[in-house]
Each structure stands twice: as structure tokens, then as C-alpha cells.
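S.K.: The residues making up each chain are set out below.
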Amino acid sequence: MADSHPPEPLAPQTRWFSERHVQISLPTPGDVARFFRTLASNPPQGLVDLVPGAASLLLEFDPVAAADDSLPARLRDLLAACASLPDKAPAGAVAIPFCAEADFAPDLEGLARERALDPAAWLEEFCAATFTVDFLGFMPGFAYLGGLPARLAAPRLDQPRPRVPAGSVAIAADRAGIYPFASPGGWRLVGRTPLALFDPAREPPALLAPGMTVRFALVSRSTFDSLGPVAP
Amino acid sequence: MSSLAIISPGVQSLVQDLGRPGLASMGVPRGGAADGLSLRCGNALLGNPVDAPAIEMAMLGIEATFDAPTTWCLAGAPSHATLVDAGGTSRSVPRWTAVPARAGDRLIVKAIRPGLRSYLCFAGGVRVPPCMGSASTLLSCAMGGFEGRALRVGDVLDINAAPPVVAPQASASLVEWLDATLRPGILRVVAAPDGQGPCRDALHALLDVPLRVSGHSNRVGVRLEPPVAIVEAIRGAAGGRVASIGMAHGAIELTPGGEPIILGVDHPTTGGYQVIACVIAADLPALGQLSPGDVVRLNLVDRHQAWQAHRALRAMLSKELAIP
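Going down the list, the sequences are from chains A and B. What the first sequence shows, in this note's numbering, is residues 1 to 232, in sequence order. What the second sequence shows, in this note's numbering, is residues 1 to 324, in sequence order.
Any given hint could be a false lead.
[To be verified] Simulated restraints on C-beta separations:
#	chain 1	residue 1	chain 2	residue 2	range
1	A	ARG221	B	VAL228	49 to 55 Å
2	A	GLY110	B	VAL220	26 to 32 Å
3	B	ARG212	A	ALA201	40 to 46 Å
4	A	ASP158	B	ALA233	23 to 29 Å
5	A	ALA80	B	HIS216	41 to 47 Å
6	A	GLN45	B	PRO49	20 to 26 Å
7	A	ASP68	B	HIS216	35 to 41 Å
8	A	ASP158	B	VAL153	38 to 44 Å
9	B	PRO69	A	ASP62	34 to 40 Å
10	A	ARG215	B	GLY133	31 to 37 Å
Keep in mind that the hints were calculated from the coordinates and are not lab data. Bear in mind the structure is a predicted one, so any value in this text is a computation, not a measurement. We put the CB at the ideal spot given by N, CA and C, even for glycine.
Could you build the full structure based on these sequences and the hints that come with them?
M.R.: Right under this line is the structure:
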């Protein structure tokens, strides 16, 4: 039956998520990115995948490697090594052109009204902010961007939209994000970018990577159109 | 090389291999065959690499013609398959058997049941342009596989050339073991951190009770409908999570409404619901065979039992099919 074995100590802030997954809790997105880089460049034996989250990193192992008695000790050593590494320099800066015409930004007016701003002032604050890519997840190329000014923060929609168009620039809670593909979604839409956030034929396929800084630049509809439509 | 012309595409037929491991940090789902065990066994019987691309058919099979001699094998859930030659003579074809088709032969695969998915594997494998190292179709992004979509009438799929197969066939004991492994009626799970903490009572309420597979299930997730009294008891047990966490194939999320969702092969890489348990690796093939209306029970095991189950599965594949 379950729980018949005593819990095996893994490492601080580390716990079994399944018999083949180990979840490490980490304080900041910078820590997640640092542990990710270290583990990706020096993967422990049997590592299948690494999945960053907002404040955690999930390690997937081949079940045979996960069952190896030496795993807890090796993980402890590896994580101790990760913890002592310095933060790497930021991974570059990207400017995201986006158009906030009404049909691209159905939630902008309501967001501005809630803050007693007019939409242009809301956008001005949004474009003045410098965002950092915390991690990618949810769908290919979707970057969770930290750095949304507290005054602009707003919860996600109570009822998700059945279809958010590709390229939509959106906010939810204290984050911004860009939908690389059309999908159902509950984030509030404030504009649309013509850039392809994810292209499997490109190397790397994702435009954004953890640690990059991102700024948004408002463009007109004609500039948006001239930059070309995004994929699907 | 030969090709396969699709006359009838079934309900949802997709080119799949074993997916794209290692790309989750870019938000790319693993994908691949929902029942990877059947794909591997079908390929092994043909002498293919176990991850050769094949056609995953759900609920209903395809009808298609071969333009040149091709050896193929039907793997996975049972379905009635016939091969009709140019003269109109038809013969029934068993699963888990490598079968030679001649030019002009028409293959008809009918309803798939019990179970959900059958795999058409071909000696040499289906030939599609690789996308990020895999032939898997990712429907949500219209990527990979055959033009990023399910097969349609009129599609023509290329099959790689392959050395002749010496008519291998799964042993009776392997077929019996596969059927039991793919349709066990239970899924063994290990408790996830939330299932040992805030959602412990909810997890235990969901163990060993009949859970109906919802019609709103797909490759992204299998939705389970517990008995009403249990939904009422566990509703609200899981609050919405604030921070997104990395997710896993087989992770069982609990929505605030009391609905358990088991994440499938195409699951989003991160998620925000609480995770009460994970289906053990050895039972993921059975997860891929759950069909709407099926009733399944969750059995709690510990990590050591999960590892033991995985070792037993590997030992069987090694002994019967020399799969490492």
C-alpha cells in the first residue's frame, strides 16, 4: 500500500512530484532560470526534460534513473552547486511592436477606466515598463513577462475567451504575455503584435528566452499591416 | 518507397511518433502517440526503430489503398481490419501481426473498441518532414505530422522503403499481456505534493470509486466525472493556484469545481490547478486508451511499487520483442 516506505530526503525545497518527477521550489524567476541553465548544460543521468514554472522547476527522469538509490545524493550535490553559481548576465533585449486599435485590444478601455486613466495614458505606462522573461510555458513560445507596473495589474477574466487570436498582447495579475498561437485564454487583451513568437523552422524557435528584457512599442495599424500577419 | 492514399480518414487520424522530449522549457508539449506502448510494439514487430512514425486512429479507423507492396501492422485497441485485393477478395487481419499488402490492396479499419486508439504501423515508417526533431502532429499549433493536421480524404502519405519483414507475430502471451495492460480498468497513481497536503482528503475521496470518462476528453487531457456525492464533497477543496508550475503527462489536476483532469500527451507544459496525484509511468499507455463513457478507478501505490511496475513492463518488452 501507499506510504509504506519512509520519505526519502531529496534536498532542501525538493520533493517527489511523481515516481519520475522531482519538483524544486525556488524563490525567484532568476533562481529558476539559473538552476535551469545549470541543469540543462550538465544534465544528471536519466534526465528527460526540465519544466520551469513561476517559482519552481520540474525535473523529469526516466523511471529507471529515478529509481536509482544514488539519485537523492546526486541531486543534493547538484543543487548545492546550482545555488552557489552567480546570476548570468541578462540574455538580450527585444522590442515588441504592437498595435492597440480597438479590435486588437478589447479589454484596454475597461482596464484604463478601472484605473481612472484614459487608454492612451494606460498604454504610455505599459510602454514605459521594462519587462523580464521569467519563463516560457503553457504553449510553444508563450513567455511569462514580469515587471508589469503594479498600477496596471488586473486579474484574469472570470470567463476565458474561447479564442484569443495569435499575436495578442495581454496581461493577467502582475504579468504580461503574448499568445504565439490562437487558443482559448483568460488574459486581458491590450493589443496585438505582428511578430512570430514561435517558428519551428527558426533556431531557436522561440523569439523570447528566460532572462531577456522586453519593451513594448506602440505602432499604427498601417505599420502593423506592413510588418505582416502572424502565423495561424 | 510506397504510398498510402486515404479514402476515408476516420474521426481523427494523426501521424505520431514518440514526441519531442526536452523542449518543455520553450513551452513545447512532448506530444507523440497517446499510447506509446502500442506504437513501440507495432514498430518492433515490423523491425522498425520503436519510434518510427505511424498513424494514430481514434474511435474509427481509416480506409486507404496501397500503391506498392508494403508491410504493415495494426497495433493498439481492437478494431476489425480487412485487406481487399484488386480482385475484390477480402480477408480479415489480426492485430499485432506484420501483414504484407500488395499494390492496389485496400485496407479498411472499422470501429475501434474497446479502447480508443489503434495504430497503423508500416515497415519503414510514415515519411513526413520532421518538425523540431519529430513527426508528431501538434494540432493546437498546426505543426508537425502531415501538414500539421488530421488526415483527410485524398491525402497521400509516403511510406519509407524498408527491408522485407520475416512475418513476425506477437506471441499469444504478449497479446494477452498487452490487452490487460492497455485495458486494466484501473489506473495506478502516486500522490503528488498537493495530494499529500491541502488536497489529501479530496485525493482519498477519489480513490477506488468509479470515475466516468467525459466526452470532453482529448489528447490534451482526460476529464473524469466522479459520482455526484463525491463531487459535492470535494468541490472547493482545490483553490486556484497563484503560481504556474511545470506539469507532467499523467498529472491529475483538480479544478475548484471538483473535476479531476488527467493531463494527456499534448498537455500545456505549465498549469495553475492543484495536482493531487500522477498516473504511474507503466499505466500511461492505458490512459491513452480511455474512451468516453469508460469507467476507471484510481489505485494509490507508492513510488517503489511504481518503479517495480515499470521494471516489469520493460522486462516483458525485452523478453518478447527485444526492445531495450
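S.K.: Work down the list of hints and note, for each, if the structure agrees.
M.R.: We went through each hint and held it up to the structure:
In this structure the supplied range 49 to 55 Å holds for ARG221 of chain A paired with VAL228 of chain B, their Cβ-Cβ distance being about 51 Å. Evaluation of the 26 to 32 Å hint for GLY110 of chain A and VAL220 of chain B yields a pass: the beta carbon distance comes to about 30 Å. The hinted window of 40 to 46 Å between ARG212 of chain B and ALA201 of chain A holds, with their beta carbons roughly 42 Å apart. At roughly 25 Å, the beta carbons of ASP158 of chain A and ALA233 of chain B sit within the given window of 23 to 29 Å.
Range check, ALA80 of chain A to HIS216 of chain B: Cβ separation about 45 Å, and the 41 to 47 Å hint holds. For the hinted restraint 20 to 26 Å between GLN45 of chain A and PRO49 of chain B, the CB-CB distance of approximately 23 Å keeps it satisfied. Checked against the hint of 35 to 41 Å, the C-beta distance between ASP68 of chain A and HIS216 of chain B comes to roughly 39 Å, which is consistent with it. Between ASP158 of chain A and VAL153 of chain B the CB atoms are about 42 Å apart, so this pair conforms to the stated range of 38 to 44 Å.
Between PRO69 of chain B and ASP62 of chain A the beta carbons are some 38 Å apart, a value that agrees with the proposed interval 34 to 40 Å. At roughly 33 Å, the beta-carbon separation of ARG215 of chain A and GLY133 of chain B lies within the given 31 to 37 Å, and the hint holds.
Comparing the model with each earlier hint shows no violations; every hint is respected.
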